[in-house]
Amino acid sequence: MDLSFSPEEEEFRREVQSFLRDKLPQSLSGKVRTGKRLTKQDYEQWHAILNERGWLAHHWPVDYGGPGWTVGQSAIFDEETALAHAPRIIPFGVSMLGPVLIRYGSEEQKRHWLPRILDGTDWWCQGYSEPGAGSDLASLKCAAVRDGDHYVVNGQKTWTTLGQYADMIFCLVRTSSEGKKQEGISFLLIDMKTPGVEVRPIILLDGEHEVNEVFFSDVRVPVENLVGEENRGWTYAKYLLTYERTNIAGVGVSMAAFRELKAIASRQKKNGRPLLEDPLFVARLARLEIDLENMKTTNLRVLAAAGKGAAPVAESSMLKIRGTEIRQEITSLMRRALGPYAQPFVSEALDEGYEGEAVGPEYAAPVSADYFNNRKLSIFGGSNEVQREIITKAILEL
Amino acid sequence: MDFSYSEDRQMVADILARYVQQRYPMETRHRISGSGMGWSPDHWAALAEMGIAGMLFPQTGGGFGGGGFDIALVFDQIGRGLIVEPFLGVLMAGHALILAGGQEELVGEVIAGTKLLAFAHEEADSRYDPAAISCVARKAGDDWMLTGGKAVVPQVQAADRIVVSARISGSAGEAAGISLFLVEAGCAGLSVRAYPMIDGGRGGELALAGARATLLSDNGFAIIEQAIAAGTVALCWEAIGIMDELKAQTLEYLRTRTQFGAPIGKFQALQHRMATVALEIEQARSAAINAAAALESDHAVRERAVSAAKYTIGRVGTLVAEEAIQLHGGIGMTWELPLSHYAKRLTMIGHQLGDEDYHLERFASLGRAVA
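In order, the protein sequence lines correspond to chains A and B. In this text, residue positions in the first sequence follow our numbering: the first is 1, and each later residue adds one. In this text, residue positions in the second sequence follow our numbering: the first is 399, and each later residue adds one.
For the record, the hints were derived by calculation from the structure and aren't laboratory data. There could be a bad hint or two in this list.
[To be verified] Distance ranges between label pairs, derived from CB positions:
1) Glu229/A x Trp733/B: 17 to 25 Å
2) Ala607/B x Ser266/A: 32 to 40 Å
3) Arg259/A x Met424/B: 42 to 50 Å
4) Leu204/A x Gly727/B: 38 to 46 Å
5) Ser266/A x Trp733/B: 23 to 31 Å
6) Met409/B x Arg53/A: 15 to 23 Å
[Said to hold, decoys possible] Straight-line Cα separation of at most 27 Å, DSS-like style, residue types lysine-lysine; simulated pairs:
7) Lys270/A x Lys181/A
8) Lys537/B x Lys393/A
9) Lys664/B x Lys238/A
10) Lys645/B x Lys296/A
11) Lys238/A x Lys31/A
12) Lys180/A x Lys664/B
13) Lys40/A x Lys141/A
14) Lys180/A x Lys393/A
15) Lys238/A x Lys180/A
16) Lys664/B x Lys393/A
17) Lys664/B x Lys308/A
18) Lys664/B x Lys181/A
Every value quoted in this text rests on a predicted model; they were computed, and no experiment measured them. Note that the Cβ used here is the ideal one computed from N, Cα and C, for glycine as well.
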């Protein structure tokens with residue numbers, strides 16, 4: 001047993017830190033730190049910076065442009081970028097589609113699409129959920145019917161995150177209604193500019209336009225945009241969902257957010273003393289900090305096992321549940337810490353260049369909206385209840 | 399980063415696991431646990447012969463282990479077998495003797511299995527606070543005389559020598575002035591009221607009325623903290639062993655018990671409870687790994703990791719014990735099923751060396767000291 005990072009990994013940590021000092025623009029880290037809105041260009045800028053260093057697709061094999069990091073290095077990168085308030089990497093192309101194409105795509109698809117993910121030519125979005133297919137994803141109905149050299153797609157996708165920016169969407173579509181519902185699904189790449197594709201915004205409870213509905217009416221998709229085999233899409237979809245393990249726990253993001261929470265609690269007052277000295281609040285913080293410390297080690301254990309070739313199905317679900325619970329608890333404690341100043345919400349204050357006066361402490365502006373927004377964490381990517389099903393299936397073997 | 403045991407350690411763990419399975423089955427355990435002694439000299443001798451006592455102590459003290467993960471692998475197996483033998487007292491008192499120095503011969507006998515130790519520190523009103531010591535020591539010629547009481551000392555009847563804390567100055571709550579002494583079992587001025595414990599084995603109250611004692615160290619508090627840290631890591635891993643057993647037994651029951659025409663593991667209400675239990679056990683294991691890894695670190699790092707682990711074990715241990723019984727239903731309430739004995743021991747670990755609330759508060763106050 002040895003929990004420490006190797007000297008090489010510690011050297012790598014310094015390399016990441018120095019890269020972030022030199023290359024992460026303050027215009028970006030400042031926005032992330034203060035909870036301001038990030039634009040499409042902000043994300044693209046950060047992707048380009050990482051890509052230039054060869055660090056954008058850090059889970060990809062070296063042959064496809066990955067840096068060939070150890071699990072320890074990936075964990076360090078995740079921690080350091082979060083602690084430096086770097087924008088998140090938009091996962092749809094890099095972390096979701098990329099690995100699927102690498103594993104199941106044709107040579108031609110890999111040659112065409114992978115470089116475009118890296119250089120930002122295509123902004124990808126994910127077409128999985130439908131109004132009638134949420135937790136029961138395999139019951140999806142959006143249909144693709146073969147017509148010569150094309151598939152003709154009709155149906156609807158929903159909860160499409162940042163679909164308003166997307167050039168391309170990877171979709172699960174129904175190509176057969178024979179047999180088990182999982183066995184009639186295919187994995188299709190669709191150009192968002194194709195006639196018949198319509199994107200409508202869904203405004204979430206924090207007032208933000210983050211997700212969309214996407215409608216398909218007689219959308220013609222060339223057959224070469226089918227990934228792998230027809231009716232085998234469920235296998236690829238599951239692979240996609242379990243591939244991205246490094247970040248499922250969100251260790252780095254939670255560490256950065258916990259630090260911010262402590263800073264807020266040290267400045268808020270209760271009975272004339274810092275909230276950080278209030279025994280009840282301190283107990284909540286201590287529980288959270290211990291949970292986070294424990295999860296950090298669980299995460300490393302799972303990564304180490306995955307690095308040795310294990311497929312940690314139950315463990316990934318455990319990390320998803322505990323990771324999202326911890327992030328939600330952090331945003332919840334931030335909201336509580338503000339007291340009455342959790343209530344005012346000046347939406348424009350989250351825009352770049354806002355020069356109005358802050359209501360209450362300046363760090364209060366994004367907190368409640370962030371709390372409400374993060375209720376999504378225990379719902380998306382397989383709700384935490386679905387994760388419990390996956391755990392019991394794996395350990396009960398019934 | 400490496401989360402597996404070295405080959406040597408894994409071998410010791412395997413040998414101990416085999417011994418527990420073959421020589422210490424549940425009926426044997428119950429017979430020993432419920433006996434007037436509450437432990438077994440034969441098993442102790444056999445285990446010492448196998449080198450298990452030596453695994454608890456560093457080479458500097460004549461042992462061949464003593465690190466966090468050496469203690470971990472031994473107590474993991476103690477948990478799995480629900481072993482009642484006096485390992486905890488031997489571990490804590492032995493570490494105190496080695497840290498204090500000057501007792502090499504005695505430690506050698508302990509490692510050989512010919513002498514046993516107990517660690518008598520907590521008092522009736524100290525409630526986990528290691529500085530809340532009222533027991534008093536007075537100089538008497540070359541020796542010292544101890545007066546006061548010690549509470550709920552595990553397997554104290556088994557001990558040939560007892561490591562006892564007492565003050566040479568100051569008052570309860572002050573770390574300064576607490577010293578460590580060695581007392582001969584059965585000496586004049588020492589009386590023991592021994593009793594059975596709800597989770598098996600025996601404990602005892604010590605009444606000291608001028609009991610003759612040898613001074614081990616007049617700077618006892620730092621040594622006591624380290625002995626408690628080692629003992630806490632041990633208890634955390636005993637709990638991990640127990641939780642793994644409870645999980646395995648409960649999963650097996652969910653697979654095989656049929657109601658409403660289906661294995662009860664098919665019911666979602668039970669599945670979700672079980673998933674939470676499994677998830678929390680992994681968190682507890684991570685906490686126990688963190689504590690074992692920090693045992694040889696400096697004070698601040700060590701004590702925070704130890705308190706984080708004992709808090710987690712306290713919280714998760716109660717959950718796992720209660721859920722294991724609940725998921726078994728009526729049969730989980732019976733003496734006959736080993737499950738109930740695992741659940742009792744796991745719950746009572748929460749009452750040793752600091753409970754969940756104590757360690758949460760301590761973790762927070764240690765954090766303030768660091769910041």
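Here is what the structure says about each hint:
Between Glu229/A and Trp733/B the Cβ separation comes to about 58 Å, which falls outside the hinted range of 17 to 25 Å. For Ala607/B paired with Ser266/A, a C-beta distance near 51 Å fails the hint of 32 to 40 Å. For Arg259/A paired with Met424/B, a C-beta distance near 49 Å keeps the hint of 42 to 50 Å intact. Taken as a hint, the range 38 to 46 Å holds for the pair Leu204/A and Gly727/B, whose Cβ atoms sit roughly 43 Å apart.
At about 52 Å, the beta-carbon gap between Ser266/A and Trp733/B misses the expected band of 23 to 31 Å. The given range of 15 to 23 Å is broken by Met409/B and Arg53/A, whose C-beta atoms sit roughly 45 Å from each other. Among the hinted pairs, Lys270/A with Lys181/A is inconsistent with the structure: their alpha-carbon atoms are about 56 Å apart, more than 27 Å. In summary, the hint linking Lys537/B to Lys393/A is not supported, as the alpha carbons are separated by about 66 Å, beyond the 27 Å threshold.
For the suggested pair Lys664/B and Lys238/A, the alpha carbons sit about 23 Å apart, so the restraint of at most 27 Å is met. Restraint check for Lys645/B and Lys296/A: satisfied, since their Cα atoms lie roughly 23 Å apart, inside the 27 Å limit. For the given pair, Lys238/A sits about 34 Å from Lys31/A by alpha-carbon distance, which is inconsistent with the 27 Å threshold. Among the hinted pairs, Lys180/A with Lys664/B is consistent with the structure: their alpha-carbon atoms are about 21 Å apart, no more than 27 Å.
Between the alpha carbons of Lys40/A and Lys141/A the distance comes to roughly 31 Å, so the proposed pair goes past 27 Å and is violated. Between Lys180/A and Lys393/A, the direct Cα distance comes to roughly 19 Å. Compliance with the 27 Å bound is thereby established for this hinted pair. Proposed proximity of Lys238/A and Lys180/A is supported: the alpha carbons are some 16 Å apart, at most 27 Å. For the proposed pair Lys664/B and Lys393/A, the alpha carbon gap of about 10 Å is at most 27 Å, so the pair holds.
The suggested pairing of Lys664/B with Lys308/A is violated, with an alpha-carbon distance near 32 Å, which exceeds 27 Å. The straight-line distance between the Cα atoms of Lys664/B and Lys181/A is roughly 21 Å, inside the 27 Å bound, and the hint therefore holds.
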